[in-house]
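Participant: So the sequences go chain by chain: A and B.
Position one of the first sequence corresponds to residue 1 (my numbering), numbered consecutively onward.
Position one of the second sequence corresponds to residue 1 (my numbering), numbered consecutively onward.
One should not assume that every hint holds.
[Claimed, not checked] Pairs of lysine-lysine residues, derived as DSS-like cross-links and limited to a Cα-Cα distance of at most 27 Å, are as follows:
no. : chain 1 : residue 1 : chain 2 : residue 2
1   : B       : Lys403    : A       : Lys130
2   : B       : Lys239    : B       : Lys209
3   : B       : Lys370    : A       : Lys117
4   : B       : Lys403    : A       : Lys115
5   : A       : Lys130    : B       : Lys370
6   : B       : Lys400    : A       : Lys130
7   : A       : Lys19     : B       : Lys370
8   : B       : Lys112    : B       : Lys84
9   : A       : Lys26     : B       : Lys295
10  : A       : Lys102    : B       : Lys108
11  : B       : Lys164    : B       : Lys112
12  : B       : Lys209    : A       : Lys19
13  : B       : Lys396    : A       : Lys19
14  : A       : Lys19     : B       : Lys403
[Said to hold, decoys possible] Which bits of chain A does chain B cover? Going by a derived footprint, with three or more residues having C-beta under 8 Å, they are:
no. : region
15  : 5 to 16
16  : 32 to 45
17  : 65 to 75
Source of the hints: derived by calculation from the structure; they are not laboratory data.
Each residue gets a CB set at the ideal place from its N, CA and C atoms; glycine is no exception.
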Amino acid sequence: MENSRTRELYQQVILDHNKNPRNHGKMKGASHVAEGYNPLCGDHLFIYLKIDKNNVIEDITFENDGCAISTASASMMTSALKGKTLDQSQNLFDQFHRLVLKELNPESEANDLGKLKIFSGIWQFPSRVKCATLCWHAMRGALNKDNSVTSE
Amino acid sequence: MSFNVKDIRKDFPTLAVKIHGQPLVYFDNAATTLKPESVLRALEQYYTTGTSNVHRGVHYLSERATANFEKSRDKVRDFIHAAKSTEIIFTRGTTEGINLVAHGYGRKFLKKGDEILISGMEHHSNIVPWQILCDEVGGNLKVIPLNDDGDIIFEEFEKLLSKKTKFVSIVYISNSLGTINPIKKVIDAAHQFNIPVLIDGAQAISHQKIDVQESGCDFFAFSAHKLFGPTGVGVLYGKAELLNQMNPYQSGGDMISSVTFEKTTYNILPYKFEAGTPNVAGVIALSAALEYIEKVGYDNIVAYEHDLLEYGNKVLSEIPNLRIIGTAREKAAIFSFVLPNIHPHDLGTLVDEDGVAIRTGHHCTQPVMKHFNIPATSRASLAFYNTKEEIDILAKSIIKAMKLFP
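Throw the hints in and build the complete structure from the sequences for me.
Facilitator: Shown next as structure tokens:
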């Protein structure tokens, strides 16, 4: 794309995670599960978690039917959360949420976002913010035993 | 009048807007259409020098607003060829028109075990009101199945008709498939059983001439904003004998003839169904939209859009692996399609960068998506101000996007 706005949105990392999503598939013996659905666009996913006795995310996977942004976001979220404690996950949820709403500037504010910073330009596409956040809402829903969330 | 798309485009100020530095290609006409200058002028005139309520005052402005408002009703009557102006009810839009009938006719006449027939390609607004009605009265909603082209299977419809069937509600032109339904045949078959038929005309009315008496439909609902008019106003046509028997929908001012704390007598048609201050500016501007369409001429619109349809089919089918969803024999210039490697939402964002406005998603027709076993489509829906050059821009933009998702 010649245009820098979409070039920033569809960076190679996003395209790669979309084509080869990490941690994709149903999990057997999950301790937490939630379904995320965006009724407006039809994006649909399931998040599976295995939490150990020390409140650490031992494993996390997802299944989905959605656009490149939602697939890449779920792939990158699951990669980032594996091995994190529940407190760290909540913290990352908050940071990611503020990032996509342009409330957190990753260049000037300390953060733990790492590769997730790639979503920092998505606020320019208001209708696509929900694509990136659906998996995060589902993840938090799973942890809160809220089995069905929407990103509306 | 001869049809010159270049001149017509000058009448629509939004077409001159640049999107991300590119000329706008507006292909979202099934969601809402652009407005010509004359409609904008009518709205402006009412709000700048003509503001007044209708059916109330004896002062000059109110009398003038009332006269213009009622003139608009006569205009709609002529436009859809209704027998009487009293059969024209102003609503907020198609959705409200359908709800009005589900409420006013359905709750009054439908009983436990009765059946309502709709088709498999209905917009949610022609599904949910009937579902709610069925829940309330203990009725059953039956669905006319579709084939793989997106046509209703007429023989299945005939099989579904029975003594139990008490209402048929069907879309004229599908917003997600472009299918033009054979409504005359549907209405004739239903009338064999004395079943009233509502036609959802939201999409149809911008593409072809409507004649409610010739079709024989009992109700016909449409929205002004899909007909180059303002949002928030629409029309429900109903046969007077049915409207007279129905319960009122909303109640309040204007729809009464006398009120005491003991008893209220309802007003006559059409006011019985027009409670509260209506969208006066919208109704008056709708009339300007109808005049505009008459000036362009439906014969010209049908011929020109058919050209666009054929050209679009040709250009889009040349794109490798692009699958058009909805290939009915009779179709409006609406192209719903899917691509194997690009989700509609990504495509929508990418073509937007080239100034192309399309709709992506389920288009409020989730059962249609389920029928074709897809989550969503991209939809380009055209109007008579669109051009073949714009179809080329869309095609180029799609091919560019596909390179990003090999």
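Participant: Does each hint hold? Answer for all of them.
Facilitator: Taking the hints in turn, this is what the structure says about them:
1. Between lysine 403 (chain B) and lysine 130 (chain A), the direct Cα distance comes to roughly 25 Å. Compliance with the 27 Å bound is thereby established for this hinted pair.
2. Restraint check for lysine 239 (chain B) and lysine 209 (chain B): the C-alpha separation of about 19 Å stays at or below 27 Å, so the hint holds.
3. Under the criterion of a C-alpha separation no larger than 27 Å, the hint pairing lysine 370 (chain B) with lysine 117 (chain A) is inconsistent with the structure, at around 36 Å.
4. For the hint linking lysine 403 (chain B) to lysine 115 (chain A), the alpha-carbon distance of about 25 Å falls within 27 Å, and the restraint holds.
5. Only pairs whose Cα atoms come within 27 Å are accepted, and lysine 130 (chain A) paired with lysine 370 (chain B) is accepted, the gap being roughly 23 Å.
6. Between lysine 400 (chain B) and lysine 130 (chain A) the CA atoms are separated by roughly 25 Å; this keeps the pair inside 27 Å, and the hint holds.
7. For the hint pairing lysine 19 (chain A) with lysine 370 (chain B), the CA-to-CA distance comes to about 24 Å; that is within 27 Å, so the pair holds.
8. Of the supplied pair hints, the one linking lysine 112 (chain B) and lysine 84 (chain B) is violated, its CA atoms being roughly 34 Å apart against a limit of 27 Å.
9. Taking the CA atoms of lysine 26 (chain A) and lysine 295 (chain B), the gap is about 60 Å. The hint is violated against a cut of 27 Å.
10. For the hint linking lysine 102 (chain A) to lysine 108 (chain B), the alpha-carbon distance of about 53 Å lies beyond 27 Å, and the restraint is violated.
11. Our distance criterion of 27 Å between C-alpha atoms is met by lysine 164 (chain B) and lysine 112 (chain B), whose separation comes to about 10 Å.
12. A distance of roughly 47 Å separates the Cα atoms of lysine 209 (chain B) and lysine 19 (chain A); the hinted pair therefore is violated under the 27 Å criterion.
13. With a C-alpha separation of about 23 Å, the suggested pair lysine 396 (chain B) and lysine 19 (chain A) falls inside the 27 Å cut-off, and the hint holds.
14. Note on lysine 19 (chain A) and lysine 403 (chain B): the hinted pairing holds, with a Cα-Cα distance of about 14 Å set against a maximum of 27 Å.
15. Taking a C-beta to C-beta cut-off of 8 Å, the region 5 to 16 of chain A contributes 5 residues in contact with chain B, enough for the three needed, and the coverage statement holds.
16. Beta-carbon proximity to chain B at under 8 Å applies to 5 residues in the region 32 to 45 of chain A; the threshold of 3 is reached and the given coverage holds.
17. With 5 residues having a Cβ less than 8 Å from any Cβ of chain B, the region 65 to 75 of chain A passes the three-residue criterion, so the hint holds.
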